[in-house]
Amino acid sequence: MRSRKSLIFLATLLLLSVSPVHAKETKKPNQAPVVMKEMVVSATRTEKKIDDAPASVTVITKEDMEKYNIQPLDDAIKYEAGLYVRHTKGLADSMPRINMRGLYGPNRNLVLLDGIPING
1 MRSRKSLIFL ATLLLLSVSP VHAKETKKPN QAPVVMKEMV VSATRTEKKI
51 DDAPASVTVI TKEDMEKYNI QPLDDAIKYE AGLYVRHTKG LADSMPRINM
101 RGLYGPNRNL VLLDGIPING
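The numbering of the sequence shown is this note's numbering, which starts it at 1 and goes up by one.
It is worth saying that the hints were derived from the structure and are not from the lab.
From the three backbone atoms N, C-alpha and C, an ideal C-beta is built for every residue, glycine too.
Mixed in with the good hints, there may be bad ones.
Subject to a maximum C-alpha distance of 35 angstroms in a straight line, what follows is the list of computed DSBU-like cross-link-like pairs (lysine-lysine) [as the list claims (entries may be wrong)]:
| # | residue 1 | residue 2 |
| --- | --- | --- |
| 1 | LYS78 | LYS67 |
| 2 | LYS62 | LYS78 |
| 3 | LYS89 | LYS62 |
| 4 | LYS89 | LYS78 |
| 5 | LYS89 | LYS67 |
Simulated restraints on C-beta separations [said to hold, decoys possible]:
| # | residue 1 | residue 2 | range |
| --- | --- | --- | --- |
| 6 | ALA32 | PRO117 | 27 to 33 angstroms |
| 7 | GLU66 | LEU103 | 47 to 53 angstroms |
| 8 | ALA32 | LEU103 | 44 to 50 angstroms |
| 9 | ALA11 | ASN69 | 33 to 39 angstroms |
| 10 | SER6 | LYS67 | 22 to 28 angstroms |
| 11 | LEU10 | PRO72 | 42 to 48 angstroms |
| 12 | LYS78 | GLY115 | 18 to 24 angstroms |
| 13 | ILE118 | GLY82 | 40 to 46 angstroms |
| 14 | GLY102 | VAL59 | 18 to 24 angstroms |
| 15 | LEU10 | GLU66 | 54 to 60 angstroms |
| 16 | THR12 | TYR84 | 16 to 22 angstroms |
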């Protein structure tokens with residue numbers, strides 16, 4: 001009985017001692033805004049209208065990246081259905097491996113950033 005009272009007392013004390021902390025993030029005056037370009041994921045190596053592409057096309061806009069606070073490229077890709085980002089251990093730790101559902105292997109897909117291949 002005594003241990004139960006002690007437990008209730010400690011739980012009450014713990015709950016009362018926790019106080020909410022409010023912090024406001026201040027923007028530094030010297031901090032310049034980040035300018036992001038639109039990223040286009042397509043089924044071809046060339047720019048095409050979405051309606052003319054022979055396969056599924058996904059466009060990730062600058063607004064989408066800002067809305068979801070996406071910084072590294074692999075974060076943008078991992079939110080797309082059917083795309084999987086995997087980090088491996090070894091010499092290539094800095095480059096994520098990108099797989100598409102049904103197309104596994106390093107030579108099965110191509111991700112371009114401003115026309116430059118960034119995977120495989």
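Comparing the hints with the structure gives:
1. For a cut-off of 35 angstroms, the pair hint linking LYS78 to LYS67 stands: about 15 angstroms separates their Cα positions.
2. The hinted pair formed by LYS62 and LYS78 meets the criterion: a straight-line CA distance of about 16 angstroms does not exceed 35 angstroms.
3. The straight-line distance between the Cα atoms of LYS89 and LYS62 is roughly 31 angstroms, inside the 35 angstroms bound, and the hint therefore holds.
4. For the hint pairing LYS89 with LYS78, the CA-to-CA distance comes to about 19 angstroms; that is within 35 angstroms, so the pair holds.
5. Distance hint between LYS89 and LYS67 is fulfilled; the C-alpha atoms sit about 31 angstroms from each other, no more than 35 angstroms.
6. Under the hint 27 to 33 angstroms, the C-beta atoms of ALA32 and PRO117, about 29 angstroms apart, fit the expected range.
7. The beta-carbon spacing between GLU66 and LEU103, approximately 30 angstroms, falls outside the hinted interval of 47 to 53 angstroms.
8. For the pair ALA32 and LEU103, the supplied restraint of 44 to 50 angstroms is violated, since their beta-carbon distance comes to about 39 angstroms.
9. For ALA11 and ASN69, the Cβ-Cβ distance of about 36 angstroms falls inside the hinted range of 33 to 39 angstroms, so the restraint holds.
10. Under the hint 22 to 28 angstroms, the C-beta atoms of SER6 and LYS67, about 50 angstroms apart, miss the expected range.
11. In this structure the hint that LEU10 and PRO72 lie 42 to 48 angstroms apart at CB holds, the actual value being about 44 angstroms.
12. Between LYS78 and GLY115 the Cβ separation comes to about 22 angstroms, which falls inside the hinted range of 18 to 24 angstroms.
13. For the pair ILE118 and GLY82, the supplied restraint of 40 to 46 angstroms is violated, since their beta-carbon distance comes to about 18 angstroms.
14. The given range of 18 to 24 angstroms is respected by GLY102 and VAL59, whose C-beta atoms sit roughly 21 angstroms from each other.
15. At about 45 angstroms, the CB distance of LEU10 to GLU66 disagrees with the hint of 54 to 60 angstroms.
16. Range check, THR12 to TYR84: about 47 angstroms between beta-carbon atoms, so the 16 to 22 angstroms window is missed.
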